[in-house]
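Protein chains in written order, with full-length UniProt numbering: chain A, 1 to 211; chain B, 1 to 476.
Read the hints as simulated data drawn from the structure, not as lab findings.
Computed from a predicted structure; not experimentally measured.
Note that beta-carbon positions come from the ideal geometry of N, C-alpha and C, so glycine has one too.
Check each hint, because a few of them may be wrong.
The calculated DSSO-like cross-link candidates involving lysine-lysine, where the alpha carbons are at most 30 Å apart (straight line), are [to be verified]:
| # | chain 1 | residue 1 | chain 2 | residue 2 |
| --- | --- | --- | --- | --- |
| 1 | B | Lys38 | A | Lys54 |
| 2 | A | Lys54 | B | Lys41 |
| 3 | B | Lys393 | B | Lys12 |
| 4 | B | Lys200 | B | Lys109 |
| 5 | B | Lys472 | B | Lys12 |
| 6 | B | Lys108 | B | Lys168 |
To be clear about the criterion: a stretch of chain A counts as covered by chain B if any three or more of its residues have a C-beta under 8 Å from a C-beta of chain B, and this derived list gives those stretches [claimed, not checked]:
| # | stretch |
| --- | --- |
| 7 | 35-48 |
| 8 | 60-74 |
| 9 | 103-115 |
| 10 | 142-154 |
| 11 | 158-169 |
| 12 | 185-198 |
Computed, partial: chain A to chain B, Cβ under 8 Å [stated by the list, open to error]:
| # | residue |
| --- | --- |
| 13 | Ala6 |
| 14 | Gly29 |
| 15 | Pro30 |
| 16 | Leu77 |
| 17 | Ala79 |
| 18 | Asn81 |
| 19 | Thr85 |
| 20 | Arg95 |
| 21 | Ala96 |
| 22 | Thr129 |
| 23 | Arg177 |
| 24 | Met181 |
| 25 | Val182 |
| 26 | Ala204 |
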Amino acid sequence: MSGREAILQRLRRHGAGDPAAVDAWAAAGPVGPRPRQGALDGPARIEHFIEKAKVADATVSRIAGVEALPAAMAAELRARNLPATLRTGSDPMLRALDWGSLDRSEGVGRVEEPATLSRAEFGLAETGTLALASGPDNPVTLTFLGETHFVALRTEDVKAGFEDFWAAWRERGLTPRTLNMVTGPSRSADIGQTLQLGAHGPVALHIFLID
Amino acid sequence: MTAHEPKSRFFKANVKAALADANIQHAMRSTGPNFVGKRAKARDAMPEFDALRDRARDVKNHVLANLPLYLERYEAKVRDAGGHVHWCETPDQANRKVLEICRRVNAKKVNKGKTMVSEETGLNDFLSENGITPVETDLGEYIIQLRGETPSHIIAPAVHVTVPEIDKLFRDTHTHLPRDRDLTELSSMLAEARTILRQKYFEAEVGVTGANMLIAETGQSVIVTNEGNGDLSQSLPRVHIVLATLEKIVPTLDDAATVLRVLARSATGQEMSVYTTFSSGPRRAEDPDGPEEYHVILLDNGRSNMVGSEFEEMLRCIRCGACMNHCPVYQAVGGHAYGWVYPGPMGAVLTPSLIGVEEGGQLPNASTFCGRCEEVCPMRIPLPRMMRSWRAKEFEKRLTPTAARYGLGVWAFFAARPGLYRAATRAAMAVLGRLGRAKGGFAALPLAGGWTAHRDFPAPEGGTFMAQWAAKRGGR
Numbered sequence: 001m002s003g004r005e006a007i008l009q010r011l012r013r014h015g016a017g018d019p020a021a022v023d024a025w026a027a028a029g030p031v032g033p034r035p036r037q038g039a040l041d042g043p044a045r046i047e048h049f050i051e052k053a054k055v056a057d058a059t060v061s062r063i064a065g066v067e068a069l070p071a072a073m074a075a076e077l078r079a080r081n082l083p084a085t086l087r088t089g090s091d092p093m094l095r096a097l098d099w100g101s102l103d104r105s106e107g108v109g110r111v112e113e114p115a116t117l118s119r120a121e122f123g124l125a126e127t128g129t130l131a132l133a134s135g136p137d138n139p140v141t142l143t144f145l146g147e148t149h150f151v152a153l154r155t156e157d158v159k160a161g162f163e164d165f166w167a168a169w170r171e172r173g174l175t176p177r178t179l180n181m182v183t184g185p186s187r188s189a190d191i192g193q194t195l196q197l198g199a200h201g202p203v204a205l206h207i208f209l210i211d
Numbered sequence: 001m002t003a004h005e006p007k008s009r010f011f012k013a014n015v016k017a018a019l020a021d022a023n024i025q026h027a028m029r030s031t032g033p034n035f036v037g038k039r040a041k042a043r044d045a046m047p048e049f050d051a052l053r054d055r056a057r058d059v060k061n062h063v064l065a066n067l068p069l070y071l072e073r074y075e076a077k078v079r080d081a082g083g084h085v086h087w088c089e090t091p092d093q094a095n096r097k098v099l100e101i102c103r104r105v106n107a108k109k110v111n112k113g114k115t116m117v118s119e120e121t122g123l124n125d126f127l128s129e130n131g132i133t134p135v136e137t138d139l140g141e142y143i144i145q146l147r148g149e150t151p152s153h154i155i156a157p158a159v160h161v162t163v164p165e166i167d168k169l170f171r172d173t174h175t176h177l178p179r180d181r182d183l184t185e186l187s188s189m190l191a192e193a194r195t196i197l198r199q200k201y202f203e204a205e206v207g208v209t210g211a212n213m214l215i216a217e218t219g220q221s222v223i224v225t226n227e228g229n230g231d232l233s234q235s236l237p238r239v240h241i242v243l244a245t246l247e248k249i250v251p252t253l254d255d256a257a258t259v260l261r262v263l264a265r266s267a268t269g270q271e272m273s274v275y276t277t278f279s280s281g282p283r284r285a286e287d288p289d290g291p292e293e294y295h296v297i298l299l300d301n302g303r304s305n306m307v308g309s310e311f312e313e314m315l316r317c318i319r320c321g322a323c324m325n326h327c328p329v330y331q332a333v334g335g336h337a338y339g340w341v342y343p344g345p346m347g348a349v350l351t352p353s354l355i356g357v358e359e360g361g362q363l364p365n366a367s368t369f370c371g372r373c374e375e376v377c378p379m380r381i382p383l384p385r386m387m388r389s390w391r392a393k394e395f396e397k398r399l400t401p402t403a404a405r406y407g408l409g410v411w412a413f414f415a416a417r418p419g420l421y422r423a424a425t426r427a428a429m430a431v432l433g434r435l436g437r438a439k440g441g442f443a444a445l446p447l448a449g450g451w452t453a454h455r456d457f458p459a460p461e462g463g464t465f466m467a468q469w470a471a472k473r474g475g476r
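Modelling step: build the complete structure from the supplied sequences, incorporating the hints.
In structure tokens:
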């Protein structure tokens, strides 16, 4: 008997399970308690997203439209004393922009990446979290190898909480290899139980919220 | 004896050593209050927290009642996404499966994200013995791997290591750097480890991670981390292997959200950990990065025997560590004293369940039964009740030491005869009261050395509780 069969057989001694109950559970949708902080609407939702992202040590700037992104990006790089170079994927929104004198290259993350830029599919106001879908448009390694990770997010893609986020995610039909939910820059408290930013992933995370 | 062999049967000696170890005592003093305060703050900031705990408990109970169905549905979804599921009954089978995959792709180096299941199987030792180098990439795990140790806490594996010890460790290990470099700032140590591990991410052919959850709806495995090492370990190598156990299943993405809402708050007091990653299958045809192969090793290791038993509820555990953070015993002795993979209250229940009461039977005795573990458990696991069950089993199996059995026998004799019990305690208290009247207490007392070594035993004053109670009722 294979390990699979042996394990399943041992489990079935206590009942094989009820297929109808399992189907009903899946069909019921999000019936758990919905936290108030994940149910905000309108301007309060966006403010909450920004507030929570900042609590998680991210920085946020709002820009008036996607056309303003290259200039805002250049300004951020200058303010952080970073070179005017940028690594991105082939996201159509980023590709369509005129990046001017910024040296933008497309591809996966390399061992040293001072600045990377991704576009997030969604944001969650509940916790200031970004939801990124891996793929050629936004390679997953850019999210983790950038010393400073910049993320562009449309204000309209900020969802209140998990409930409407999952609904929107399913509706968009996304099935990437990874869905990366990111809340602030990487950190560790493994040395002296003192929290430090920039463990293996980015030291800093900046979000451009595009109206 | 390797680091992974169980030492739980030496619990008493382990505890003595831990209490006498100045470094452990120093490290533990700052840990507990830190975690406790952060969790309390997170709980207070969320009015729905307890309702979410109820829901999280119900989700897992539903899964455990239908586990064979959910495992089959999950497996089908993994296959649909191009992944492989390998069912393993024992740690040895799991290790061999990892080795088989490594050999097939000619791997020399395996990078590891944090996985407690690999501690259960002793994967690192096994790979090393077979000529493959495992590299722990979680900063805490990296530190203890260099020290030849196992984790002393399930989410803060190096919590027992002090800063001066890490300073020395890095100077002794990273010998390509100048010995007299400045490591005064904690940030310089972090930067050093970051630089060294960054290179290693690009060298491994296989990446191994654990899983906080397996989602039946989508076939995804989920890891929840703060450092990003688990993501680099699964995104850069050619092969991603997930080591997970049966009970990690949750039905849907919405159920995963319920668990996430209680997990980080209970563990570190964060509302969300930095990285929550949902992985399914290998990279897609058009993807420029990500692994080319995706394997899930589904390990049983005794869990299928817990289903339907009085310890089934332990399988709800989501490994947040809140029970050990709030445990007065864990906070006094640290994790290594428990002698195997899982310390604290959850370890006291899991260890005898997974490796036997003969090895782990002493752990459930290490409890004051203060009940804080159950109070803070996000999954509402009745840990004290299960520890009592293990105590009873230990007694039934005659594993309890003779002196303790004899003592319990004497106590039981009196406890079953209330009149005699009261008379005996009255007499004993009267004698103690008279003997201790002059000094008000005892600096030494036969059979109570464990108490009087640290503080005086107060001399009893007045009547026994029962005598006072009777007097009060009579006076009414």
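Right, here's what the structure says about each hint:
no. : hint                  : verdict
1   : Lys38(B) / Lys54(A)   : holds (18 Å)
2   : Lys54(A) / Lys41(B)   : holds (18 Å)
3   : Lys393(B) / Lys12(B)  : holds (19 Å)
4   : Lys200(B) / Lys109(B) : holds (9 Å)
5   : Lys472(B) / Lys12(B)  : violated (43 Å)
6   : Lys108(B) / Lys168(B) : holds (28 Å)
7   : 35-48                 : holds (count 3)
8   : 60-74                 : violated (count 0)
9   : 103-115               : holds (count 4)
10  : 142-154               : holds (count 3)
11  : 158-169               : holds (count 4)
12  : 185-198               : holds (count 12)
13  : Ala6                  : holds (6 Å)
14  : Gly29                 : holds (7 Å)
15  : Pro30                 : holds (4 Å)
16  : Leu77                 : violated (21 Å)
17  : Ala79                 : violated (21 Å)
18  : Asn81                 : violated (17 Å)
19  : Thr85                 : violated (19 Å)
20  : Arg95                 : violated (15 Å)
21  : Ala96                 : violated (19 Å)
22  : Thr129                : holds (5 Å)
23  : Arg177                : holds (5 Å)
24  : Met181                : holds (4 Å)
25  : Val182                : holds (6 Å)
26  : Ala204                : violated (12 Å)
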